[in-house]
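Undergrad: In case you want the letters, here they are:
4 protein chains.
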Amino acid sequence: MANQLGSFYRTSTFGESHGYAVGALIDGVPGNLEIDLKRIQTWLERRRPGQSALTSPRQEKDLLVALSGLQNGRTLGSPLCFAIFNQDQKPEDYAHLEKVYRPSHADWSWEKKFGIKPQSGGGRSSARETIGRVISGAVAEQVLEAFGLSLSVVAWVDTIKDLRANVKNTPTRGEVDQSVVRCPDPIAARAFETLISDVKKAGDSVGGTIQCLVSGIPAGLGEPVFAKLEAELAKAMLSLPASKSFEIGEGLGATFMLGSEHNDGFTLKEGAVCPESNRHGGVQGGISTGHPLAFRVGFKPVATLGKEVDTLNQEGQPVKIEAGGRHDPCVLPRAVPIVEAMAYIVVLDMFLAQKTREIP
Amino acid sequence: MANQLGSFYRTSTFGESHGYAVGALIDGVPGNLEIDLKRIQTWLERRRPGQSALTSPRQEKDLLVALSGLQNGRTLGSPLCFAIFNQDQKPEDYAHLEKVYRPSHADWSWEKKFGIKPQSGGGRSSARETIGRVISGAVAEQVLEAFGLSLSVVAWVDTIKDLRANVKNTPTRGEVDQSVVRCPDPIAARAFETLISDVKKAGDSVGGTIQCLVSGIPAGLGEPVFAKLEAELAKAMLSLPASKSFEIGEGLGATFMLGSEHNDGFTLKEGAVCPESNRHGGVQGGISTGHPLAFRVGFKPVATLGKEVDTLNQEGQPVKIEAGGRHDPCVLPRAVPIVEAMAYIVVLDMFLAQKTREIP
Amino acid sequence: MANQLGSFYRTSTFGESHGYAVGALIDGVPGNLEIDLKRIQTWLERRRPGQSALTSPRQEKDLLVALSGLQNGRTLGSPLCFAIFNQDQKPEDYAHLEKVYRPSHADWSWEKKFGIKPQSGGGRSSARETIGRVISGAVAEQVLEAFGLSLSVVAWVDTIKDLRANVKNTPTRGEVDQSVVRCPDPIAARAFETLISDVKKAGDSVGGTIQCLVSGIPAGLGEPVFAKLEAELAKAMLSLPASKSFEIGEGLGATFMLGSEHNDGFTLKEGAVCPESNRHGGVQGGISTGHPLAFRVGFKPVATLGKEVDTLNQEGQPVKIEAGGRHDPCVLPRAVPIVEAMAYIVVLDMFLAQKTREIP
Amino acid sequence: MANQLGSFYRTSTFGESHGYAVGALIDGVPGNLEIDLKRIQTWLERRRPGQSALTSPRQEKDLLVALSGLQNGRTLGSPLCFAIFNQDQKPEDYAHLEKVYRPSHADWSWEKKFGIKPQSGGGRSSARETIGRVISGAVAEQVLEAFGLSLSVVAWVDTIKDLRANVKNTPTRGEVDQSVVRCPDPIAARAFETLISDVKKAGDSVGGTIQCLVSGIPAGLGEPVFAKLEAELAKAMLSLPASKSFEIGEGLGATFMLGSEHNDGFTLKEGAVCPESNRHGGVQGGISTGHPLAFRVGFKPVATLGKEVDTLNQEGQPVKIEAGGRHDPCVLPRAVPIVEAMAYIVVLDMFLAQKTREIP
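Chains A, B, C and D, in that order, are what the protein sequence lines are. For the first sequence, the working numbering begins at 2 and goes up steadily by one. For the second sequence, the working numbering begins at 2 and goes up steadily by one. For the third sequence, the working numbering begins at 2 and goes up steadily by one. For the fourth sequence, the working numbering begins at 2 and goes up steadily by one.
Check each hint, because a few of them may be wrong.
Identical chains share a label here; the pair holds if one copy fits it or two copies do between them.
Here are the simulated EDC-like cross-link-like pairs (lysine to aspartate or glutamate), alpha carbons at most 16 Å apart as the crow flies [to be verified]:
1) K201 x E309
2) K169 x D186
3) K308 x E323
4) K308 x E262
5) K321 x D265
Everything labelled a hint here was simulated from the structure, so no lab data went into it. Bear in mind that the values here come from a model prediction, so they are computed numbers and not experimental data.
One chain only, chain A, in its complex shape (with noise of 0.2 Å):
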């Protein structure tokens, strides 16, 4: 569905960019659980604009309102909408944008499939929309929790154009947010910085990959044939903003091994069977095998440039922009807890879709 992801856990995101609200309409959650909305702020500010210089300096505080849902803090069982009211519009800075269509934005093909197009900041197509699924992978966190799952989900930037971190083990949250880049490698951190700074002087842009890991999921989640787990990851990422790839495991690397290389034997583990290694990346034939789930995201250099662009406006007609509106020269860093959140809201619909299986 367009606007809605998930069968058990149902998220909808609504709002532009520059309209009055955006937000999240969250369903399927039970009844009854604490819900602790600071917890979900704090996601927030790990994806607002304005953190770093690298970033976007839009400042809105983005101040989470709880529309429905809850009562002294707990859940009814009722939909939960979560609003965040928009403050620092300034559709000013895109009143020049008005009849432009900016090049490798979705204006134009907004216009094409909806006959309108989006006066300023991208509407709907705005990374600002990502807000709603922040909201609802920090929520999908606390009821995977209260079914006593606490699942460790952790991204960080792994790649900036031709630089590559060096992650050995599996980095905390805090690890990752050291750095304004939120890569754990402290040296790659200092390289991807200095790319990035320099790509924002130089008014380009610069993409790269994040990778994610996520421990702690039990073995038998994920749904045969089209739901497969790793098929719903590949649809929540390749929903983003600019991503352009996705890998489970080995990936793309799987295509340069032989089978016996690539293929994961089985030992035993406090007596039980399970795979040895985990160069498959915590799924087999679609559903989890206890391994962490691995995977990795390409994104595409932002399209928005910090320097004057030729392109065409609604008339044909040649134009000049010149990106008055602000934006991040490398949209990696806010990317990496909007992956998580995705993450999260993927692997809560799949146990919830396994609970249905539960015989007594």
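Assemble the complex: chain A is given as a structure, and chains B, C and D must be docked to it using the hints.
TA: This is chains B, C and D only, laid out in the frame that chain A set:
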């Protein structure tokens, strides 16, 4: 949903490798359309085993039977149910595997999920399930034609292990099918064949990537936010057995480019504004642009090997298994029509979604 | 789905009686349509309490706020989120009910399901939830108009207890709204008023039936088998608070007729074959015939009484409650626009479904 | 969805009256459950024609074939596909109807929708489609048992035309099946038989109502707002061929009562608070209370008559048709197991929904 794909053109597949039948139930097709069953059968010929020395010798004729939805070759508007009655099942080939977990197959994870192990041939996780997908893709092709949309969907094997084809222009399906490895570059095709043949002799297996181009798609398909065209494609492709990666447009390559290099500018074509180049791979903001959809899918080497393998059985005892069952040393040549079929399914679903917006 | 209706035109409602806001999230609306918010507000006026001495004195202005999906009054194609911020909540009126189960309300069953009891005013089960439905119906009306379909949807109160109106011709909405009880038969209207007024004075409540006619609907809407037009209408109507019965066409009356009496013959109208009479109520085999949809909905007497009532509290102790909260002695007059709204929602959903079958 | 019911326990039916097969595809069943096919076959015997002189003489054995999802009688967790291959089709009986619109059948409206007229026997709109529903209900019964829930679902014919049975206590299914008209009141049963027999001789048909009681249902099932338990039941029942009304609890009778008469008070049962009486029919606020679900469904007289009827053909010419095809003068006796089957399907769907909320 577990065994169903699509919101508007809805495909459910059913059946296990060694059961009574496999097939597809298809809903959402308009009435009074002519459906040519012979064309569907031709698709099945391209998918079926036993096509060459490089594929599984399982000899299935895979004869299509239409159980419902047709009257004198025309659709009634009711669900189309197609079945292939299994014939060359030989479960005795798999009898020695009844209690054994084959490495990197779905035997073990299926049992973890459902509490029962398919006794032979992978059950529902067998590649035989993809018969239903191919049937549905073949129907989708004809339905799109009835709507006046003659897509050209062509996929081919682009890499095998570290060998890469050199394909400059979009090949025809005929050019692809000329070689048993389904690669339109004759030099690469020969190299692929030799490699696969050698790997087979060594009792091993090998993976690679498939490139797919969808031409003739109108601008405006794909749903913003969660059901982006590339997101639905990613899900469809990652739901295929053995697939490990998905890339749209420049894919991972985009992560190495600057924004100024990757952006596609606008141009005028017969007076209308449209993107000049197609680094975006046919989608912007999740919506098709009219440029060909360009994506690639990576497949791991097949888990079944042609040599003795050490593993564990359900009691946790070490056992040795030989690949008595029939299998392919490389899944890619037969995966080509399956990738194409999935592309048809996704595009038709998005096409029908867009029809709900046509204001007269 | 719990809080969502429709497959093509999808309405989610949210909010509790005494929470921050109630509203609707609506997806599936084409882009570039003009939406007149004043017309939606007019619908809300017809639904809101405080309209007459016979309805709840709760004084809510129910002012519509559009949170998303609109740009200068035109749809963007993205989800429309509408909220009504609650104002006249007076939860103190319900403080004495915090631990009490009100007879024949949802307090007790909600707690059984979700493990938590809404403390006041019924929470999500309050009739206040229907605000979102009315908003969605009012939007559906305008969307149908944009598609060139000007339906006439008129409902009225046909019976109150054992009093019955005598309505020969389809009334206009104006004729219905002339009386505070929303009955176009002036004699019956006066009788209804007197009865409801007497019942109110006695601290009691009363039910009845609403008749609805949908004219202008084209033939061919409604999905055969499970999503028959009458089946979706039945679901929509039985999902309304206090509704207990649904009849299509002759309804229960049909069970007293012979087939030869009930059957509708065919005739020629401007050269085209069509049913002559409309005992079928506008649907045959689940599909609309072009004749007006004719259905009726029965509502039980409101559970909240205006006098002291014996009940039990959460500890199982007998308590006496007085209806301190504001309520209607008869739900039917205010249910009229809600029934109409639901009819619009169902018809638009079926209309969009049918658009996917339009071969050019 | 057109041919699919349920969000958690999902049933798709397929097949036309005179096609190759009819059947059901069922998804959402846990793995490793034993399914007794003989019990399903027994359900089919209760539905099939040719049971008595009062039902259609069409002689179908309706032998169940399991195409997928089972291994040695146990579920694999994959979709269960069941087919009945049509045998006694006799399309020649319908040859004279090929271009004729039968009054009050779906021939004409189907053609309006899909642009094609099923040539014989009603195609998909035939009561033969309900075979798939009965299969699914019979599976649902066994799945509920596996979850430890042994419901008692008993329906019976309560009225035929203006004759009414007198049933004080909940009958057993055996008591119901004792009479060919499926009425547990022997006096009424004889009167029903005589009436139907007379009507049949007169070449006419007759309708009536079926009452259904579902005992053993736990409190807490049913989703608030749109997917109320009674709303889903209403949809399921109004999706049955020939059904025209649905009532829950006191139904229409509730509209004649005062609130003080209709309200159910609370009492203590083994120390727990619960409703004392069951005027509510087993649901409050859309959620089950633990009291038996009590509902009734009205069916119109069958449209097919046993005498010559005037109608029009596709060219608009008047023609006379005789009911050469086989049909029932009264649909109700055979509808009893279908109503029961639909109740099982709806309850299982709601039961699985509720399982997603079980916090350990």
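Undergrad: Hint compliance check: list the failing hint numbers for this structure, sorted ascending.
TA: Result: no hint breaks.
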